[in-house]
Every structure is written in C-alpha cells, then in structure tokens.
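One letter stands for each residue in the lines below.
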Amino acid sequence: MSEPGHRRGLSVETKERLIAIGSPVALLVVWQVMSWLRLLDARFIPSPLTIFEGAVVLIRSGELWTHLSVSLLRLAGGFVLGSIPGIAIGLLMGLSRYVRAALDPLVAATYPVPKIAVLPLIMLYFGLGEASKIVIIAIAVVYLVIINTMVGVLTIDPIYFDVAKSYNAPWGKLFTRVIIPGALPLIFAGLRLSLGVSLIVIVSAEFVAAKAGIGYLIWSSWETLVIENMFVGIIVITVLGVVTTFLLKELERVLIPWRRERA
Amino acid sequence: MSALIVVGLALLAVVGPGLGVAAAQEMVKVGDLGIVGDGPIYIGVEKGYFKDRGIAVKLEKFPSAATAMAPLSTGEIHVVGGGISPALFNGVARGMPIKIVAARARDIDANSVDVLMIRADLKDDVRRIGDLKGRRIAVNAAGSPLTYMVARMLESDGLTLKDVELVSMPWPDMGTAFANKAIDAGAIVDPFTAQFEDRKVATLLRRASDVVRNPWFEVSVLLYNAEWAKKSPKVAGDFAVAYLRAARELHDAMYGGKNRAEIVDILTRNTRVKDKALYDRMHWGHIDPNGVVGRESIKEQQEWWVRQGTVTRRVDVDDLVDESFVRYAVEQLGPHRGR
Chain A
0 MSEPGHRRGL
10 SVETKERLIA
20 IGSPVALLVV
30 WQVMSWLRLL
40 DARFIPSPLT
50 IFEGAVVLIR
60 SGELWTHLSV
70 SLLRLAGGFV
80 LGSIPGIAIG
90 LLMGLSRYVR
100 AALDPLVAAT
110 YPVPKIAVLP
120 LIMLYFGLGE
130 ASKIVIIAIA
140 VVYLVIINTM
150 VGVLTIDPIY
160 FDVAKSYNAP
170 WGKLFTRVII
180 PGALPLIFAG
190 LRLSLGVSLI
200 VIVSAEFVAA
210 KAGIGYLIWS
220 SWETLVIENM
230 FVGIIVITVL
240 GVVTTFLLKE
250 LERVLIPWRR
260 ERA
Chain B
0 MSALIVVGLA
10 LLAVVGPGLG
20 VAAAQEMVKV
30 GDLGIVGDGP
40 IYIGVEKGYF
50 KDRGIAVKLE
60 KFPSAATAMA
70 PLSTGEIHVV
80 GGGISPALFN
90 GVARGMPIKI
100 VAARARDIDA
110 NSVDVLMIRA
120 DLKDDVRRIG
130 DLKGRRIAVN
140 AAGSPLTYMV
150 ARMLESDGLT
160 LKDVELVSMP
170 WPDMGTAFAN
180 KAIDAGAIVD
190 PFTAQFEDRK
200 VATLLRRASD
210 VVRNPWFEVS
220 VLLYNAEWAK
230 KSPKVAGDFA
240 VAYLRAAREL
250 HDAMYGGKNR
260 AEIVDILTRN
270 TRVKDKALYD
280 RMHWGHIDPN
290 GVVGRESIKE
300 QQEWWVRQGT
310 VTRRVDVDDL
320 VDESFVRYAV
330 EQLGPHRGR
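Here the protein sequences line up with chains A and B, keeping their order. The opening residue of the first sequence carries number 0 in numbering that gives the first Met the number 0; numbering runs sequentially from there. The opening residue of the second sequence carries number 0 in numbering that gives the first Met the number 0; numbering runs sequentially from there.
Think of the hints as simulated: they come from the structure by calculation, not from any bench. Do not take every clue at face value.
Below, in silico cross-link-like pairs of lysine-lysine (DSSO-like), each with a Cα-Cα straight-line distance of 30 Å or less [to be verified]:
1) B:LYS233 <-> A:LYS14
2) A:LYS210 <-> B:LYS233
3) B:LYS298 <-> B:LYS161
4) B:LYS298 <-> B:LYS122
5) B:LYS298 <-> A:LYS210
6) A:LYS14 <-> A:LYS248
7) A:LYS210 <-> B:LYS229
8) B:LYS60 <-> B:LYS233
9) A:LYS210 <-> B:LYS60
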C-alpha cells in the first residue's frame, strides 16, 4: 500500500478532501449571512448558530445521544438482518437460473412497494417495539442487496468460469476465488445504496411509530414547533449518512483492494 | 391592435366588478379537520351565514390541527380550529402571528369528548387510575392536549407519566393495537370511543371531565392569523359573527334543541362521522355559545408543558387571547343563555 507512486496521488486526494469539507462550510456561511440579513424567515428556518445552540442543549441533556443510539441500534440490526440473507439469496439467484426464474418475478413485483407502506402490517406482527423497526429496515436492505449481488454474479466474465473449469477447480475454490471476488464490487454497491435507503426508512418509521430515535426527534420537534431541534435531527441524519458511507468505503478498500486501481 | 386591447381592458375594469356576487365577497381560507369541532364552520357555510356577512369561505383540508399551524402562521390559511398544545405556545413564542379568538371544544360534565379507555380484557384488573401503573398508554401525539389529560388523570390517583409507558399512534390504529394487546390504555376522542366499544376492543375508564375540573379542560379554540385580522378587521369581525351564529346552533343541537336533526345532517355531510346513529351515542364537546375562551385552563396547560420542558418560553396568555372579535359578534347577535 505504500508504493512511492502513491504520494503524488495524495495531493489530489487532499485537494478533493479540502473541497469536500469546504463546500458544506461555505453553505453554512451563506446560510448564516442570509439569516443575519433576514432573507430567511427565522421562525421556520433558524440560523446555523441558533441550531448549534439547540444542539448544545440537546447534547448536554443527553437527549441527542439517547435518540442517536436508539436509531443506530435499529439501523445496525436491520442492516445485518437484511444484508446477510440478501447476499445469500442474491448469490443463489445469480448462480442458478431456476432459482432466478422462481424468485425474480417476486422480487420485481414487491421491490417497488414503498417499504413504509407495509409498516402497519409489520407492526401487527412484530409489535410496537424495536422488532418492527429493525424488520422494516431489513426489508428495505434485502432487495437492493439481492438485486446487486445477483447482477454482480451474472456480470462475472465467463472466461473466469472457463479457466476454473479447465483446471478442474473444486466448487469451493470456484466460489471463494471467482464468484465472491467477482461479485464483491456490486455487493458493496448494493450495501451502500441500501445504507442510504435504510436511513430514509428509519426516519420515516420513527416519524409515525416510535417514542425515541432521530426521526422521532425531528417529527416531535416539528409538532411542537421547536424548530431548532428539528434541524439538529436533520443534520444528525446527514452526518450519519456521511459517516456510515465513509466507513463502508473504507471496508471496501480493505476487502476489494484491486478495485482502487480502476478508479 | 394594442388600442383594442386597451379598450377591452378598460371595459373589463368598468364591467368586471358587477359581473357576479362572488367578486364582492371577501375570501377567507379556513383549515378543515373534518371533525365535529369544526361544526360551526360547516353550519355557517351550508346555511349561508358567512355569505350573509360578505364572506366566501374556502375550506382547506388538514389531517390534524398540528399540521395546520405552519400554514396558519404564514397566512396560507386565515382561520383554523386548533388544540391547546405546546406547538401553539412555542409557535407564538417564536413570533408566529397567531391569536386565540374564540372558544371551540371544552370538556364539561356530561359533554366530554376526550376519554381514557382501557383494553376490554383488562376491565377487572384496571378499575381505577392507580391500576395503570407500569402499563402502556397510547396518545395520538406526544405534544397532544390529550397527553396533558392523561397526566392529569394519573396525578389524580398518585401516579405521574413516569409510572407508565407512553406511546404515540393515530387514533384509528389504536383499535388494532387494543385488539393485538399492544397497548393497555389509550387517550381517545369520540367517535372512536363509541366505535371501539362496538368492536368490544376497549372500554371507557374515565372522561376528561371526571378529573379535569375547575377550570374545565379547554381542548381547542378558534385561531386567527393575527396579521390577517389586523389588516382586515372588518372581515375578521364579520367572520366571528357568522361563526358564533353557527356555533350557537351547534350548541343548541348538542343539548337536544329542535334543530338537532338538521345539524346532524350537516355534520354527517361534512365530518368523518358518517353514521347518524353515532351522534346520539357520542359526546360532541361543549361549545361556548358566547365564544368566551377558558383562559384559566389555557394558563394551567401552559404551566404544565413548561414543567415538562416541552414549552421553553412562556407566552402571556392574556395577550395571546383576543376576544374583541367575539365581543363584537355578541354585540351583533345579542347574548345567548346557554350552559
């Protein structure tokens, strides 16, 4: 990983990172200035500084951490519960045309159903507690992972299979040396997409059926017109999206090192 | 060509205002929640009381009063019936131009729409409020006036909200939640009370008026956008006259007046309660026929929300309430000897 050639690339990366940090900061500055100039209605869109003050109060009281930890646990539970069967089913569908023929229509038919629309049903079976939120995230995750994993397997160049066959590679080797590495880039793409979707789903689920969590914080703050706290919730979700995507990307770097060369 | 247009426009300017009655009427946009509390609006529209005062009412549907608060404060709607909620106090404290102008729904003896129901199979286990300790109680929203009611009920038997588990869900969902044993009790309003009793999923434990008395529970009030009322005081005053005229008919009908059948007809057409028979079994919620606002109850509720930390800045309730419009209406209509 520490080839000398890498040094030169880093400066571009650093520049990119600076721009990536700079653009949100610039947005905040513009927002604050617009608030000072009263171009924004402070009753509905408080200034970043006011939101920051609200965040400090929520952090000090421990309230923010309570909501954040509840949402994180639900996200983690749902993500694991959705991605593991998602990868398994996706691999099966990619490898067997009969499994694909059986499941593809079902997946295609149920995938477009907005996941939040089935929340009442899920609550009927899994109750009002944590289980129903974890299950709804798992459902949101499983589809994207299935579809991406399946496509990942299907797009592996047939020549790899031919080579493995001509060397009489046993099935276990074929799986670990050809199928998994071949499908991994798309599996990760599926995981990253589903991470974004699960953030959307958890917030909407917490809007309607929770008594804690970031979605609950956003909605209850809006209902009681404590608008600073609503913005704190929204910003926390954005940060959560950025951080989790970053972590997944890092994991991807470790697991699929050859992918960087292509980028 | 352009001369033709000029002549045409001039003609239109001269003839235009006389083209129809509607042009002479002032448009007032009113939030419509589809509940009995909005009765005076429906009655006033159907019987032409607003029209008599030169007002054309445009109804804008909202799923709940809470969602109407922001449009009210931006002037997208001018009038809406709203609950006494933390959103009202917090909104006014942030500078939203909202005034309480008249009474709407109040829980009084024998006319109390807000109730606490318990799951049907708990009838023998939960005989008094104190038996709710450790149980799960549903309210329609955390910042709902009914949360205050539940707290007052719990306090009446030595409990607080900390002794129970409070969950939020819309009223229709509570029926399913009772059936699944997902909740033990729920803060509910008519007509759901009657519906849940019919389905045998829940049974009445207490009505708000059993516990919240002196002053009675002021649940909801009529709200004006203050900027609109200031800019068009004549329209705002005329609106109050028509509103109160219709409110008196609602009042008389709910206490068995001769107009009851007619009013039930109007309510069935406009509210979500479509079953006429239900009106005889459910409470309607008292409406003050002179529009007088229960300030003391509002002050008490604000203090309670402040103690919960949900309201951070107190507002001056006497400043928030502006009864000048209903006073004008009473002058026009004469006082009413209601309850």
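Now for the hints, and whether the structure bears them out:
no.: 1; hint: B:LYS233 <-> A:LYS14; verdict: 63 Å, violated
no.: 2; hint: A:LYS210 <-> B:LYS233; verdict: 45 Å, violated
no.: 3; hint: B:LYS298 <-> B:LYS161; verdict: 23 Å, holds
no.: 4; hint: B:LYS298 <-> B:LYS122; verdict: 35 Å, violated
no.: 5; hint: B:LYS298 <-> A:LYS210; verdict: 27 Å, holds
no.: 6; hint: A:LYS14 <-> A:LYS248; verdict: 19 Å, holds
no.: 7; hint: A:LYS210 <-> B:LYS229; verdict: 40 Å, violated
no.: 8; hint: B:LYS60 <-> B:LYS233; verdict: 25 Å, holds
no.: 9; hint: A:LYS210 <-> B:LYS60; verdict: 27 Å, holds
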